[in-house]
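Asker: Fit chain B to the supplied structure of chain A, relying on the hints for placement.
The listed protein sequences derive, respectively, from chains A and B.
Number 122 in our numbering belongs to position 122 of the first sequence; there are no gaps in the numbering.
Number 65 in our numbering belongs to position 65 of the second sequence; there are no gaps in the numbering.
Since the hints were derived computationally from the structure, they do not count as laboratory data.
Mixed in with the good hints, there may be bad ones.
In this list, chains with the same sequence are indistinguishable; a pair is considered to hold if it fits within one copy or across any two.
[As the list claims (entries may be wrong)] In silico EDC-like pairs for lysine to aspartate or glutamate, Cα to Cα no more than 20 Å straight-line:
(1) K61 to D8
(2) K61 to E76
(3) K27 to E3
(4) K48 to D66
(5) K16 to D75
(6) K27 to D66
(7) K27 to E128
(8) K137 to D66
(9) K48 to D94
(10) K137 to D54
(11) K16 to E76
(12) K16 to D78
(13) K61 to D95
(14) K137 to D78
(15) K27 to E112
(16) K16 to D95
(17) K137 to D9
(18) K48 to E91
(19) K27 to E91
There are 2 protein chains.
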Amino acid sequence: MPEAPLPDDVRAFLAKPNPCTMTTLRKDGTPVSVATWYLHEVVDGADKVLLNMDLSRVRVKHVRRDPRIALTMLDEADWYTHVSLIARIDEVVDDPDLTDIDRLAQHYRGQEYPNRESPRVSAWATVERWHGWGAMKD
Amino acid sequence: MPEAPLPDDVRAFLAKPNPCTMTTLRKDGTPVSVATWYLHEVVDGADKVLLNMDLSRVRVKHVRRDPRIALTMLDEADWYTHVSLIARIDEVVDDPDLTDIDRLAQHYRGQEYPNRESPRVSAWATVERWHGWGAMKD
Numbered sequence: 001m002p003e004a005p006l007p008d009d010v011r012a013f014l015a016k017p018n019p020c021t022m023t024t025l026r027k028d029g030t031p032v033s034v035a036t037w038y039l040h041e042v043v044d045g046a047d048k049v050l051l052n053m054d055l056s057r058v059r060v061k062h063v064r065r066d067p068r069i070a071l072t073m074l075d076e077a078d079w080y081t082h083v084s085l086i087a088r089i090d091e092v093v094d095d096p097d098l099t100d101i102d103r104l105a106q107h108y109r110g111q112e113y114p115n116r117e118s119p120r121v122s123a124w125a126t127v128e129r130w131h132g133w134g135a136m137k138d
Numbered sequence: 001m002p003e004a005p006l007p008d009d010v011r012a013f014l015a016k017p018n019p020c021t022m023t024t025l026r027k028d029g030t031p032v033s034v035a036t037w038y039l040h041e042v043v044d045g046a047d048k049v050l051l052n053m054d055l056s057r058v059r060v061k062h063v064r065r066d067p068r069i070a071l072t073m074l075d076e077a078d079w080y081t082h083v084s085l086i087a088r089i090d091e092v093v094d095d096p097d098l099t100d101i102d103r104l105a106q107h108y109r110g111q112e113y114p115n116r117e118s119p120r121v122s123a124w125a126t127v128e129r130w131h132g133w134g135a136m137k138d
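Just chain A, same shape as in the assembly (with noise of 0.2 Å):
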């Protein structure tokens, strides 16, 4: 797997609403996946995406222990097409006004988040490695 930074193709793919599956760790390394929202951003020359979560999910203490993270983002036409990156979350931060969750909700609905009661922290993670298919072939 080619290591990032991503190439600009990718980086445009990335930038759509695109179904996408995050995995994280169990404490016994076992991997779990679930779907997600994401955002991805280039800060400093370094690709980094943005995923948030409910305080109450389980895969909140995942990330706390083992930031090592998988992401498959699938082109919604034709989902052969997908990219999928290794990352390291480098944070995860309360988000007390929604604001992250207001921009994810924003980019795939058009909307704000309609729980404005439950918590919600924020994550960071840096893309490591990538890899392409279909379309996206690297």
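Answerer: Here is chain B on its own, set in the frame of chain A:
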């Protein structure tokens, strides 16, 4: 996450040709995910998943070294509905006549698999735990 066996409505969902991602573990335990075809079957009451891989793929090595995998199947119409599985590879076997990949290709594309040259292997996995969201909420 509830333990297997899967309820009937989850089994019905998994019978569809859903987009799916599969996570394997690298030698150092880092997770890496890709999109994949799968078939779900019930064998003697146990939930099994058939996966098929080009023999040259690194994930074949991964599952031979560490059989723990994660799968997430997304509803094609609304991927908020998804099912996540923790599974364990029981065996990796050659698919010399491409029988298994043709089953998968028929399921997903309604035709035999186009590449008749590259050697392929099948992996059978047993589902251990599951988690559902959206219409599949556990």
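Asker: Are the hints correct? Go through all of them and say.
Answerer: Quick rundown of the hints versus the structure:
For a Cα distance limit of 20 Å, the shortest separation of K61 from D8 qualifies neither inside one copy, at 33 Å, nor across copies, at 31 Å. Within a single copy, K61 and E76 get their C-alpha atoms no closer than 30 Å, and across copies no closer than 29 Å, so neither meets the 20 Å cut-off. Only between protomers do K27 and E3 lie at most 20 Å apart by alpha-carbon distance; the minimum there is 17 Å, versus 27 Å within a single protomer. Taking the shortest alpha-carbon separations for K48 and D66, only the intra-copy value of 18 Å comes in at or below 20 Å, while the best inter-copy value is 29 Å.
Taking identical chains as interchangeable, the C-alpha atoms of K16 and D75 lie at most 20 Å apart whether they share a chain (9 Å) or sit on different chains (19 Å). For a Cα distance limit of 20 Å, the shortest separation of K27 from D66 qualifies both inside one copy, at 8 Å, and across copies, at 16 Å. For a Cα distance limit of 20 Å, the shortest separation of K27 from E128 across copies, 16 Å, qualifies, whereas the shortest one inside one copy, 22 Å, does not. For the identical chains of this complex, K137 and D66 are neighbours neither inside a copy (29 Å) nor across copies (27 Å), given an alpha-carbon limit of 20 Å.
In this homomeric assembly, K48 and D94 come within 20 Å of each other (Cα to Cα) only inside a single copy, at 18 Å, whereas the closest approach across copies is 39 Å. In this homomeric assembly, K137 and D54 come within 20 Å of each other (Cα to Cα) only across copies, at 16 Å, whereas the closest approach inside a single copy is 33 Å. Both within a single protomer and between protomers do K16 and E76 lie at most 20 Å apart by alpha-carbon distance, with minima of 9 Å and 17 Å respectively. In this homomeric assembly, K16 and D78 come within 20 Å of each other (Cα to Cα) both inside a single copy, at 14 Å, and across copies, at 16 Å.
Within a single copy, K61 and D95 get their C-alpha atoms as close as 16 Å, which meets the 20 Å cut-off; across copies the closest is 40 Å, which misses it. Within a single copy, K137 and D78 get their C-alpha atoms as close as 14 Å, which meets the 20 Å cut-off; across copies the closest is 26 Å, which misses it. With identical chains, the CA atoms of K27 and E112 are never at most 20 Å apart, being 34 Å at best within one copy and 41 Å at best between copies. In this assembly of identical chains, the alpha carbons of K16 and D95 never lie at most 20 Å apart, being 23 Å within a copy and 37 Å across copies at closest.
For a Cα distance limit of 20 Å, the shortest separation of K137 from D9 inside one copy, 10 Å, qualifies, whereas the shortest one across copies, 36 Å, does not. Taking identical chains as interchangeable, the C-alpha atoms of K48 and E91 lie at most 20 Å apart only when both belong to the same chain, with a minimum of 11 Å there against 37 Å between chains. In this assembly of identical chains, the alpha carbons of K27 and E91 lie at most 20 Å apart only when taken from the same copy (19 Å versus 25 Å across copies).
Going through the hint list in order, the structure does not satisfy hints 1, 2, 8, 15 and 16.
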